[in-house]
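Sequence order for the protein chains is Z and Y. For the first sequence, my numbering assigns the number 1 to the initial residue and increments by one for each residue that follows. For the second sequence, my numbering assigns the number 1001 to the initial residue and increments by one for each residue that follows.
The set of hints was computed from the structure by calculation and includes no laboratory data. For every residue, glycine included, the Cβ atom is placed at its ideal position computed from N, Cα and C. Be aware that a few hints might be false.
What the hints assert, rightly or not - Here are the simulated DSS-like cross-link-like pairs (lysine-lysine), alpha carbons at most 27 Å apart as the crow flies: (1) LYS87/Z - LYS1092/Y; (2) LYS1092/Y - LYS1241/Y; (3) LYS117/Z - LYS1201/Y; (4) LYS68/Z - LYS1215/Y; (5) LYS1194/Y - LYS1181/Y; (6) LYS1585/Y - LYS1619/Y; (7) LYS1448/Y - LYS1303/Y; (8) LYS1254/Y - LYS1092/Y; (9) LYS113/Z - LYS68/Z; (10) LYS1194/Y - LYS1223/Y; (11) LYS1332/Y - LYS1718/Y; (12) LYS1092/Y - LYS1181/Y; (13) LYS1303/Y - LYS1333/Y; (14) LYS84/Z - LYS1215/Y; (15) LYS1215/Y - LYS113/Z; (16) LYS1164/Y - LYS1197/Y; (17) LYS1215/Y - LYS1251/Y; (18) LYS84/Z - LYS1204/Y; (19) LYS84/Z - LYS1092/Y; (20) LYS1619/Y - LYS1482/Y; (21) LYS1223/Y - LYS1251/Y; (22) LYS1662/Y - LYS1730/Y; (23) LYS1223/Y - LYS1448/Y; (24) LYS1204/Y - LYS1194/Y; (25) LYS1562/Y - LYS1332/Y; (26) LYS1333/Y - LYS1718/Y; (27) LYS87/Z - LYS1215/Y; (28) LYS87/Z - LYS1619/Y; (29) LYS1730/Y - LYS1303/Y; (30) LYS1204/Y - LYS87/Z.
Unchecked claim - Just some of the chain Z residues that point at chain Y, by a computed CB distance under 7 Å: (31) TRP23; (32) GLY39; (33) CYS43; (34) SER59; (35) ILE73; (36) ASP93; (37) PRO95; (38) GLN96; (39) ALA102; (40) ASP122.
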Amino acid sequence: MARLTINGQTHEVDVAPDTPLLWAIRENVGLTGTKYGCGIAQCGACTVHIDGEAVRSCSLPVSAAEGKQIVTIEGLAAGSTLHKVQKAWIDHDVPQCGYCQAGMIMAVAALLKDKPKPTDADINDTITNICRCGTFQQVRAAIHAAANA
Amino acid sequence: MTHMPQLSRRSFVVGATAAAGGGLALGLNIPFGGSKAALAQAQAATPEVNAWVVIKPDDTVVIRVVRSEMGQGTITGLCQLVAEELECDWSKVTYEYPTPGESVKRNQVWGSFSTGGSRGIRTSHEYVRKGGAAARMMLVQAAANRWNVPASECTAENSLITHKPSGRKLRFGEVAEAASKLQPPADVPLKDPKSWKIAGKPLKRLDTVDKVTGKQVYGFDLKLPGMLNAAIMECPVFGGKVKSFDADKVKGMKGVRHVLQVGDTAVAVVADTWWQAKTALDALPIVWDEGTNANVSSASIAKMLEEGLSAEQGFVGNQAGDAKAALAGAAKKVEAVYAYPFQNHATMEPMNCTARYTPDRCEVWAPTQDGQGTFATVLAASGLPADKCEVYKINLGGGYGRRSGLHQDWARQAVSIAKQVPGVPIKLLWSREEDMRQGRYHPVMQCKLTGGFDANNNLVALHMRLSGQSIAAAVLPQVVEKDQGRDALVFQGVSGPNLLGGEYSLGYTVPNLLVDHAMRNTHVPPGVWRGVNINQNCIFMECFMDELAQAVGQDELEFRRKLMANHPKSLAVLNAAAERIGWGKPAPQGVHRGLAHLKAFNAYVAAAAEVSVEGNRIKIHRIVAATDPIHAVNPAQIERQVAGSFVYGLSAVFYGECTVDKGRIVEGNFDTYDSMRIAQMPPVETIIMPSGGNDPWGGIGEPTICVAAPAVLNAYAKATGQRIRSIPLKNQRIRMA
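Looking at chain Z on its own, in the form it has when it is part of the complex (with noise of 0.2 Å):
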């Protein structure tokens, strides 16, 4: 049994210690905007916030996640007021198929806690994340545009 604090909300979830909380937040938890597409921390579709910090949950163990705050895509707007990075990607019409966003959008939104105006070098270096549909060139205008709102 894990002690998650996800989204705010505290989740008891009934998994052996050694699951990836990628798994325990979609299949235990029940939140399925995390995605799942490699396991090995190499795509970024998992990506989540744990205490600010961008992480690819598929390979963190649940153990490691306990006592710690969790954000997922679905905690990211404050209530009804979407996050500027979400609101930039609507704008931009940014998302093809829309699989790995979520995770893109959560990195995103880490970068720019850490530099609210990063440079395409910043962009470079820290968004790494997989896209097959290549959706790369309005993913960055869109990244400038919401450090600029």
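Here the structure of chain Z is known, so what remains is to put chain Y in place on it, guided by the hints.
Frame of chain Z, contents of chain Y only:
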């Protein structure tokens, strides 16, 4: 649960004015054509203006779309086309997916569900526009009837019908029900695209918000009451079988409910959660009967293909004059051999499918590119008749061909598992490793090109010999048999003008030309793939064009132009890309340029790239794309699809290879099957230049995928003097900077 798509209950029928759609017949055996009673029942249950359009009393417009949305923007584009003819308020437009079962009952009123071959819009635009136009005519007639005036005195605009002489107005929602009871018009004229107001405009997608909030439900997000989760492993050697497995070893593991054989070739674990199922599957001892294919390797396949390069016989895909004789008499000859590997689709969402089976009903929830193809698979796998099956389409996290109607292995598996656990919904999800190793791979191909010049350095002969795998031989054998063993699809982009309806005809005229194919099939299952054969054919042809030009010391663009006098639309896109990149003008220091073009899926496309090379790293500074899709429905989405196609195509050319060892695929995840990231993304400028008129519309999602790679390879050769002829570049330790 709101995940189960439901047709609107409040609507009206105008009858099936639109003819059922065309599209490639995939040879699927679905007993279409419902009984009259079933049809009447279905229509009564879903009153609507017509099959395409539902208008609610509050003026909300629900447009029915049967092509699948997997990111390519087809839903938005098709809705634009319907809305354009309907003359409705775009802000009131929503959409829904009719089900394949509904389609059966209604005699295929919506045409083909198949979403591949860039056909979503280009092969359905006419009947969906007619669906919108017919609905508008009926709404106008209903208003005219209410006012007791001739319909010719009324106009529709922005969801309002106006009686011009009196200025009276009625909203669509006020007359929709009356319209639904009218006879559909026999003659349904369409607008000239030049007068479009909604179609042809860079409108935003209709399906964005849920994708940024995490609310969008993809196939593997589905939740059903009482649902269990399954993980599966097929025999890693294609063609192998299950010999035995020791279920007792894992049955006591937490959450595990069932350990099952799936057909002859796979084993699945069903558990409360997928992670439990996967953990147990990893621990399950399975003995495989790998069969003789366990001896096959990439090297043995390459050797087989090499033999095909010089084999006497080949299936002909394009021919003019006598290429072999002309080559024999040529003053100068140039020859080169190219190779293209197996590649996986690697959709971000791995394959998955959910099924619930009882002896009376089989329901399937599928992220599918072809609802009808899934439906046919469900009938076959369940053994139930059409009226006892249903398929609900769920959003796709990418498709690229892997989820096409031709590759429904995941649906068959899900039904097979569900049949063994009757009454319980089973969600089957593949691990990334399973997804990588059970692909339907981009076919492997080698190519020998031989060009011959006369004494004046004119290209007088060209022989392009392809040697490699046929997709159709594996998945549409009846099509190949009908064509005396030939797979015409192999010639995409280099075919003769009459092959494949001219959709993929070569954009050059060479007096003595032969394009032929030595079919060399392997045990690795091939599949359709974004653009599929245009990827390698464009590299082969367009890189070799540069080699030919350089062999006679001519400018690569001028050399092409001389062969393109009979191909004005191809020439137009090539010229546009060349001009925008600055061809013929000095490039920045250290920057080199390359070009490529092709006709595919009836669209004319070209690219021009600027690259620089430092050590083993290629920096792509900029790519210009030009596309003539004849008509352009949404320029903003076209730009995104073009740039995205470059990401997919360049990832493939730099990093994409599925290696065969001991009969199985080696690469299991993105660490060994890499994909471009934002850091490598060059700015892509897209020139959209629809030539209009009555030519068949061209596709968007696929054509441009093939032109970025040869443009970059040609620029690399200019930069380094080295010609790369073997894909992927990672094997030569070349990476993207």
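query = In ascending order, which of the hints set out earlier in this document are inconsistent with the structure?
reply = Per hint list: 2, 3, 5, 8, 10, 17, 20, 23, 28, 34, 40 violated.
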